[in-house]
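Residue numbers (the working numbering), protein chains in the order written: chain A, 2 to 132; chain B, 2 to 132; chain C, 2 to 132.
Note that these hints are calculated values from the structure, not bench results. The C-beta atom is built at its ideal place from N, Cα and C for all residues, glycine as well. Treat the hints with care, since some could be wrong.
[Said to hold, decoys possible] Okay, the calculated bits of chain B under chain C, using three or more residues with CB under 8 Å as the criterion: (1) 5 to 17; (2) 38 to 50; (3) 103 to 115.
[To be verified] Dumping the calculated BS3-like pairs for lysine-lysine here, alpha-carbon to alpha-carbon at most 30 Å: (4) Lys-9/B to Lys-21/B; (5) Lys-28/C to Lys-67/B; (6) Lys-9/B to Lys-28/B; (7) Lys-67/A to Lys-67/B; (8) Lys-9/C to Lys-67/A; (9) Lys-9/B to Lys-67/B; (10) Lys-67/C to Lys-28/C; (11) Lys-21/A to Lys-9/A; (12) Lys-28/C to Lys-9/C.
[To be verified] To give a feel for the contact side, a few chain C residues facing chain A, derived at Cβ under 8 Å: (13) Gly-14; (14) Asn-50; (15) Asp-54; (16) Asp-60; (17) Ala-90; (18) Ile-91; (19) Gly-92; (20) Val-95; (21) Thr-96; (22) Gly-102; (23) Leu-105; (24) Gln-110.
Listed below, chain by chain, are the residues.
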Amino acid sequence: MFYQTTIKTEREGFYELTEKVNDFVQKSGITEGICVIYTPHTTAAVTINENADATVQADLLLGLRKAFPFWQDFRHSEGNSPAHLKASAIGSSVTVIIHEGHLLLGTWQGIYLCEFDGPRERQCYVKIIAG
Amino acid sequence: MFYQTTIKTEREGFYELTEKVNDFVQKSGITEGICVIYTPHTTAAVTINENADATVQADLLLGLRKAFPFWQDFRHSEGNSPAHLKASAIGSSVTVIIHEGHLLLGTWQGIYLCEFDGPRERQCYVKIIAG
Amino acid sequence: MFYQTTIKTEREGFYELTEKVNDFVQKSGITEGICVIYTPHTTAAVTINENADATVQADLLLGLRKAFPFWQDFRHSEGNSPAHLKASAIGSSVTVIIHEGHLLLGTWQGIYLCEFDGPRERQCYVKIIAG
Numbered sequence: 002m003f004y005q006t007t008i009k010t011e012r013e014g015f016y017e018l019t020e021k022v023n024d025f026v027q028k029s030g031i032t033e034g035i036c037v038i039y040t041p042h043t044t045a046a047v048t049i050n051e052n053a054d055a056t057v058q059a060d061l062l063l064g065l066r067k068a069f070p071f072w073q074d075f076r077h078s079e080g081n082s083p084a085h086l087k088a089s090a091i092g093s094s095v096t097v098i099i100h101e102g103h104l105l106l107g108t109w110q111g112i113y114l115c116e117f118d119g120p121r122e123r124q125c126y127v128k129i130i131a132g
Numbered sequence: 002m003f004y005q006t007t008i009k010t011e012r013e014g015f016y017e018l019t020e021k022v023n024d025f026v027q028k029s030g031i032t033e034g035i036c037v038i039y040t041p042h043t044t045a046a047v048t049i050n051e052n053a054d055a056t057v058q059a060d061l062l063l064g065l066r067k068a069f070p071f072w073q074d075f076r077h078s079e080g081n082s083p084a085h086l087k088a089s090a091i092g093s094s095v096t097v098i099i100h101e102g103h104l105l106l107g108t109w110q111g112i113y114l115c116e117f118d119g120p121r122e123r124q125c126y127v128k129i130i131a132g
Numbered sequence: 002m003f004y005q006t007t008i009k010t011e012r013e014g015f016y017e018l019t020e021k022v023n024d025f026v027q028k029s030g031i032t033e034g035i036c037v038i039y040t041p042h043t044t045a046a047v048t049i050n051e052n053a054d055a056t057v058q059a060d061l062l063l064g065l066r067k068a069f070p071f072w073q074d075f076r077h078s079e080g081n082s083p084a085h086l087k088a089s090a091i092g093s094s095v096t097v098i099i100h101e102g103h104l105l106l107g108t109w110q111g112i113y114l115c116e117f118d119g120p121r122e123r124q125c126y127v128k129i130i131a132g
């Protein structure tokens with residue numbers, strides 16, 4: 002089963018996808034398998050992290066800006082090389098297990114699109130494999 | 002096939018899962034497919050890295066502490082934002098190919114749970130998909 | 002379906018795999034599913050990033066060298082702990098969705114083997130799961 006969703010983003014930020022992905026899993030009728038959440042962009046990413054305290058998301062953005070700052074010797078003329086770095090460090094997809102009809106997320110885990118170079122209209126693809 | 006294992010951790014550290022995951026693959030009887038190893042926590046992660054020299058694991062922890070240190074302007078009140086950052090940079094799961102009845106790991110590759118904010122009791126889920 | 006390819010690398014660099022992976026997908030005849038691209042090494046990785054402007058790849062290598070430099074207190078005697086760190090931060094595999102007979106990559110996305118400790122002869126495994 003294959004699904005798709007669109008997210009309008011600000012300059013930087015985390016956008017929760019958990020509920021939409023859960024809906025896709027329910028719609029699919031698949032009760033055992035895996036679910037791949039994928040974003041087809043090179044300055045955005047998908048991650049799993051805390052869903053309770055939104056300051057975690059702010060801290061994640063801050064910590065990534067510190068780890069991957071802009072360097073004067075970057076050569077890419079668009080000036081968004083830090084966003085490309087964050088995209089590869091976080092990754093373009095996550096895989097979650099489906100068990101007994103549900104995404105097997107931990108209590109504090111949510112699935113997020115990470116925008117590192119918005120504002121943009123971003124796509125997310127969701128593929129569910131039974132097994 | 003779905004399996005689960007529990008790991009008791011120290012404050013920080015790498016905990017090898019390779020043998021347990023191999024056992025699950027044997028138990029499943031699946032000879033061709035993929036194996037997803039997933040941890041449902043937001044301050045722990047799963048990675049694949051060197052299984053021979055334990056100083057690599059110590060260096061990985063050191064290098065991650067340097068890349069993702071504590072910053073005074075973090076806002077999350079629990080004080081463990083570096084652990085959340087490391088969890089998203091490393092990732093909550095790995096996927097390994099199963100071929101001819103075995104996990105297709107390289108000679109020097111082991112599968113590890115990474116604890117960034119212990120001591121805790123951590124879960125790992127293992128899902129095997131035939132195909 | 003399981004495929005394998007070998008890449009001869011320089012000291013550091015990005016090696017595009019997109020075309021080879023596309024060929025494997027065509028050869029498999031699988032039109033809906035997922036494709037896992039995996040490297041069995043601990044100082045190399047697989048990532049998805051920009052395929053248009055090669056300066057992005059140079060900037061990614063530079064930004065990773067800055068985020069994960071060599072520290073005097075590293076203990077691993079081979080001296081390549083930064084390469085091990087980059088391998089775990091980027092990851093040993095990527096998963097791409099197959100839809101209507103094609104890898105569902107974005108316009109600007111390419112699949113790359115990342116060499117962090119060459120020159121070497123590196124393997125990549127490609128596993129395609131229908132579903």
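Here is what the structure says about each hint:
Only residues whose beta carbon comes within less than 8 Å of a beta carbon in chain C count, and the stretch 5 to 17 of chain B has 0; fewer than three means the coverage is violated. A count of 3 residues in the stretch 38 to 50 of chain B with a Cβ less than 8 Å from any Cβ of chain C is obtained; the coverage claim is therefore met, three being the minimum. A stretch counts as covered by a chain when three or more of its residues have a beta carbon under 8 Å from one of that chain; for the stretch 103 to 115 of chain B and chain C the count is 6, and the coverage holds. In summary, the hint linking Lys-9/B to Lys-21/B is supported, as the alpha carbons are separated by about 15 Å, within the 30 Å threshold.
With a CA separation close to 45 Å, the supplied pair Lys-28/C and Lys-67/B exceeds the 30 Å bound. A C-alpha spacing of about 23 Å is found between Lys-9/B and Lys-28/B, which places the hinted pair at or below 30 Å, so the restraint holds. Restraint check: the Cα-Cα separation between Lys-67/A and Lys-67/B comes to about 11 Å, which is no more than 30 Å; the hinted pair holds. Taking the CA atoms of Lys-9/C and Lys-67/A, the gap is about 34 Å. The hint is violated against a cut of 30 Å.
Using a Cα cut-off of 30 Å, the hinted pair Lys-9/B and Lys-67/B holds, with the two alpha carbons roughly 25 Å apart. Restraint check for Lys-67/C and Lys-28/C: the C-alpha separation of about 40 Å exceeds 30 Å, so the hint is violated. Among the hinted pairs, Lys-21/A with Lys-9/A is consistent with the structure: their alpha-carbon atoms are about 15 Å apart, no more than 30 Å. With a CA separation close to 23 Å, the supplied pair Lys-28/C and Lys-9/C stays within the 30 Å bound.
Interface restraint check: Gly-14/C against chain A, minimum CB-CB distance 14 Å, threshold 8 Å, status violated. Look at Asn-50/C: its Cβ gets to within about 5 Å of chain A, closer than 8 Å, so that hint holds up. Of the supplied interface hints, the one on Asp-54/C holds, with its beta-carbon coming within about 6 Å of a beta-carbon of chain A, less than 8 Å. Satisfaction of the interface hint for Asp-60/C is found here, the shortest Cβ-Cβ separation to chain A being roughly 4 Å, below the 8 Å cut-off.
With a cut of 8 Å, the hint placing Ala-90/C at the interface with chain A holds, because the nearest CB-to-CB distance is about 5 Å. The beta carbon of Ile-91/C comes within 6 Å of a beta carbon in chain A, closer than 8 Å, and the hint placing it at the interface holds. Because the beta carbon of Gly-92/C sits about 6 Å from the nearest beta carbon in chain A, less than 8 Å, this interface hint is met. Because the smallest distance between the Cβ of Val-95/C and any Cβ of chain A comes to about 7 Å, under 8 Å, the interface hint for this residue holds.
Proximity of Thr-96/C to chain A holds as hinted, the smallest CB-CB distance being about 5 Å (cut-off 8 Å). The criterion of a C-beta within 8 Å of any C-beta in chain A is not met by Gly-102/C, whose closest approach is roughly 13 Å, and the hint is violated. Interface hint status for Leu-105/C: upheld, as the beta-carbon distance to the closest one in chain A is roughly 6 Å, under 8 Å. Evaluation of the Gln-110/C hint against chain A yields a held restraint, the C-beta minimum of about 6 Å falling below 8 Å.
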